[in-house]
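Going line by line, the protein sequences match chains D, G, P and W.
Residue numbers for the first sequence follow our numbering, so the first one is 1 and each next one is one higher.
Residue numbers for the second sequence follow our numbering, so the first one is 1 and each next one is one higher.
Residue numbers for the third sequence follow our numbering, so the first one is 1 and each next one is one higher.
Residue numbers for the fourth sequence follow our numbering, so the first one is 1 and each next one is one higher.
Derived from the structure by calculation, the hints contain no laboratory data.
Which copy is meant is left open, so a pair is good if it fits within one copy or across any two.
Computed cross-link-like contacts, SDA-like style, restricted to lysine to any residue with a CA-CA straight-line distance of at most 20 Å:
1) 317 with 300
2) 122 with 81
3) 122 with 105
4) 192 with 182
5) 126 with 32
6) 122 with 104
7) 192 with 165
8) 122 with 106
9) 126 with 115
10) 42 with 250
11) 192 with 164
12) 266 with 330
13) 42 with 185
14) 126 with 28
15) 126 with 310
Number of protein chains: 4
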Amino acid sequence: MNFSSDNAYGAAPEILDALRLANAGAVPSYGDDPLTAALNEKMTRLFEREVAVYPVVTGTAANALALSTLCPQHGAIFCHADAHIATDECGAPEFYTHGAKLVTLEGRDGKLAPEEIAQSLKHFLKGVVHHSQPSVISLTQASEFGTVYTRGEIAGISALAREQGLKLHMDGARFANALAHLGCTPAEATWKAGVDVLSFGATKNGALCAEAVVFFNPEDVRDFEYRRKKAGHLLSKMRFISAQLVSYLEGGRWLQSAACANGLAKRLAQGLGGVPGAEIAYPVEANAIFVHLPNETILRLRAAGARFLDWAPPEEKRTLIRLVLSFMTPDADVQRFLDIARG
Amino acid sequence: MNFSSDNAYGAAPEILDALRLANAGAVPSYGDDPLTAALNEKMTRLFEREVAVYPVVTGTAANALALSTLCPQHGAIFCHADAHIATDECGAPEFYTHGAKLVTLEGRDGKLAPEEIAQSLKHFLKGVVHHSQPSVISLTQASEFGTVYTRGEIAGISALAREQGLKLHMDGARFANALAHLGCTPAEATWKAGVDVLSFGATKNGALCAEAVVFFNPEDVRDFEYRRKKAGHLLSKMRFISAQLVSYLEGGRWLQSAACANGLAKRLAQGLGGVPGAEIAYPVEANAIFVHLPNETILRLRAAGARFLDWAPPEEKRTLIRLVLSFMTPDADVQRFLDIARG
Amino acid sequence: MNFSSDNAYGAAPEILDALRLANAGAVPSYGDDPLTAALNEKMTRLFEREVAVYPVVTGTAANALALSTLCPQHGAIFCHADAHIATDECGAPEFYTHGAKLVTLEGRDGKLAPEEIAQSLKHFLKGVVHHSQPSVISLTQASEFGTVYTRGEIAGISALAREQGLKLHMDGARFANALAHLGCTPAEATWKAGVDVLSFGATKNGALCAEAVVFFNPEDVRDFEYRRKKAGHLLSKMRFISAQLVSYLEGGRWLQSAACANGLAKRLAQGLGGVPGAEIAYPVEANAIFVHLPNETILRLRAAGARFLDWAPPEEKRTLIRLVLSFMTPDADVQRFLDIARG
Amino acid sequence: MNFSSDNAYGAAPEILDALRLANAGAVPSYGDDPLTAALNEKMTRLFEREVAVYPVVTGTAANALALSTLCPQHGAIFCHADAHIATDECGAPEFYTHGAKLVTLEGRDGKLAPEEIAQSLKHFLKGVVHHSQPSVISLTQASEFGTVYTRGEIAGISALAREQGLKLHMDGARFANALAHLGCTPAEATWKAGVDVLSFGATKNGALCAEAVVFFNPEDVRDFEYRRKKAGHLLSKMRFISAQLVSYLEGGRWLQSAACANGLAKRLAQGLGGVPGAEIAYPVEANAIFVHLPNETILRLRAAGARFLDWAPPEEKRTLIRLVLSFMTPDADVQRFLDIARG
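In isolation and in its complexed conformation, chain D is listed as follows (with noise of 0.2 Å):
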């Protein structure tokens, strides 16, 4: 019963064996190969406009290096306080930018709100050199806590990007998880809503390691391909990593496997309504839950080998912790689970 992260499970079959369909023969190195070329194209149809993307393999080297590339050292990134970009990155997002300035706000439900960035803009003269000049704004979808932005809501805020003269940039690491919740296209999610930039994950939801940056713009790649060098994240057999994005595109592979972790997630959500002093956090929207519940129920769960973090420091009765989803979670997890914390 492993519900810590949905990195600790593995890879979805037929993209392991998609790797070894990639393994024949001699090809070109450091992207140059058809396999790299055939998800440039796939990625093309599937967000129905010509896309730049680059093959890496960190969520993390995805968001650090888009955002590099968007905001000058002397810029400013706006994002969630609870973004993975400001709390569980080290501080890649500063290192690559080269001293660039996150500008971290709260909002409802860890998503910004407009409001909340346009009351923070102003804080920032343009033009003033002692200020970082506002550059990126940084949404996380799926947020943090499992919710979604709606297209309504991505679209009131890249208005303001807009207005301002900001880059939106996506941080995807689940975005299958929320496609599949919004039900839309790729393309009204990203770029008709707005969307500069996505970092578009893949190993969370069935590869071993793969994410794409992926550029609706094409004068914003500027010096994308130099920087993704110098950090050492460009792939000499480049293919391995472009036929996992190939696979996971695959006949929808990469929205099902989605849907069922969201699925998996509902359910156990519906089903932790009748465990005694659960108390749901945040809206279950894709692939993770965030729940209130009595430290004796945590600790009779933790002793039958459910495994999941504590979100915050312990109060004395209860614990908010989180339980990630994976579309490798055995349905049969899910059932025990709730068997033992309905105790």
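Go by the hints and put chains G, P and W onto chain D.
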């Protein structure tokens, strides 16, 4: 009537004289000159302790170089949300530390409180590589709002710093004004209260361009001298910076100047008590006043030639402004400002 | 007939199999998994010494992260003018070290010699802040020209390094090929000869994307783990990188593959002896051949589909080309290449 | 008898006077003052072209900030192996550019030649992400060996720069000495010969601490002002730096001082012609002499109090030393040095 900044005024005539005296003969460059040696001795006597002193020409350089020496690139620096390092240095600390994280906290009257820091520290797990590791607390003394940490307040924060293994940095761009208010010794206001490194300001209080990074513990110096050189902050004719600092300290000039500026601020603040609609926002303890004034009063003052900064966007009826006093501010200007303000 | 790079070929089938085996179940992420633990043990046994092993996905990442851990920002790194870190990593070492200086030296057959290093060191005065401080010597083993440092040569350089207080780094992107040539133990080829840190390559010799930074002295690790994370080089599903390395080492697979590639190179080199106008430029000791061929021979080879790189601008009559062999290079390709070359 | 550096002497008395004149009243800080405006106008007239001028306090800052504005992090900067930026700035250019590569070239008399640069450029393939991309050529005028590029030599290098799409930077720490030698106009020595950005030195030739970055093309300024601030190189009381530069230029003071120093160097060099065993190493065109002297002569000179630097490790019988002249070097010192040297 210039109350816009203590940078608006020039240098103390005695400090200019000191430059002329320093000009004689040929001496070793890059800080191996007698005046720089004299500065070290003077500072050691002043602080009643062997200190390592490094002159630089800006407060931003002093802060950023000091912080980058204390804080690894994977570290976090805790400061007030309105600290100069957070709002007015264009991300210099992030740049010099190669991406350390600035954690900005709220706090009454522009001052950090141990409770807020302790609360924030809980979010940074020790030894967890995803999290920037808490490394430094930076206080601004006097604060950006013209308030002054008491020795007890500093000791409270330094106790937390010691307990958590953090270094304590003090941004003393207006250290003289703070000390003039506190009335204690420089030692009591710094290392005896737990401060590890001080950015010792002189420019705002009578120098042309002279600040000093003062290390109270030799082991903290580490690679500071290389950092200063690599940043282009090691001056060849160092004697001219050291001469300013030596003259600044001579005969207590620095404290007299600061006391003079503080006294002018006190007088102006008292006078504002009689101005209709005036409301002082923070205790006036150093050389700056933050006051809400009716918008028509502000218009009248500016029409008469008074210069000062809005500190927040104007409200409907009134605006928060900042008034900064220098020991060079003419007495008559204070009186005239009050006369006009009273209408 | 692809001789362009050992990156052109894919992965060993056994390593692909290992990925499938690694896929079972849920395990802790970010390197706290059993396979990563197994890798550490395997490496410790292999090197006959407690080592600290950190898997990454590119050689550039391995080199730059290792060097940035060994070398302060004010340091200097000595390497051959043709070293990969100097010519093919787009300044990654300078970026990761925050501006350390790469000092590039000439040296016979792509190898550094102690005399050249000693000569260069004289220009860097110890403790003089204007000078980058000598900190690391980096060797490439096998070298960029397919030659291999003897154990004596390494020991000669490491003696100088010890004497001068420098660390010794080995870029072992083709360490297996070098070791297969030397015929000694991994320990003898590294720490017993004075190497402090090894970039242990596997990608070029059968992995999909797997290198490891191997520290022979625990005190050298310092903040490496934070650096890896901050750079986005800490993989969440680390088991899939560790699995490649474990399988790579299993049963001596790595040395067999390298010996195979070296053998093919030897055979090709011998065959080239019979090609009119061919002149081999460097001793063929690993899996690469640098050979001057008549331009018409080159045209004929390329017309027949052979792929390889020019290593210098074409001269009037002939051109220096590079031929790289992989254990996956078909035997028949070597024969065919020779047949065509002979005309 | 101090010939160790032109930094050893102090400032021109007139420049000290200018500081006192600059001290009157309250003025806007951070460069928005009348003196900084006057400097811009003066420089524009001097260079017969609209220029953008940014005062800083060290040559290292001027060079590193200028280069970081001209050169992307994935760029390469070509300079002489003995250039100050390569040997005496502790890696400042690499730091400020975030890891651009310094390519150091040999060249007769401390000067780069187009052929050497062109040869080196062949190793950097355009658009190949593995290679740092050639971006800037940096000349030192006068060179580190006291020689001066002729206008033709500069034009030859700038022609190559234009052809290859590189920017041309001139490190003019001793620009005045070079110009006094050339006898042409400042415009002819810079932008008319193809220079894009000039580090205009004044400290070595009479200022206390004042250099200026001069951009000849407004589009090259880009984010320079943010870079200067972020580096802590934007002085609050800027008037005191601008005042030095204005006074430096006034009535041709800068060229008179330089001509005086050059003249002393010439006289000393001529006198050395009569010193047994003396051999001058480079043409004496500016204010420095590099001369081989017998070791016993050197001992005698130092015993008599003469200060100067060894420029190479002492040989068996003689040593290469450097003698630098300032306009403040007493005439009598030159004579005395020669008298002692002659024995």
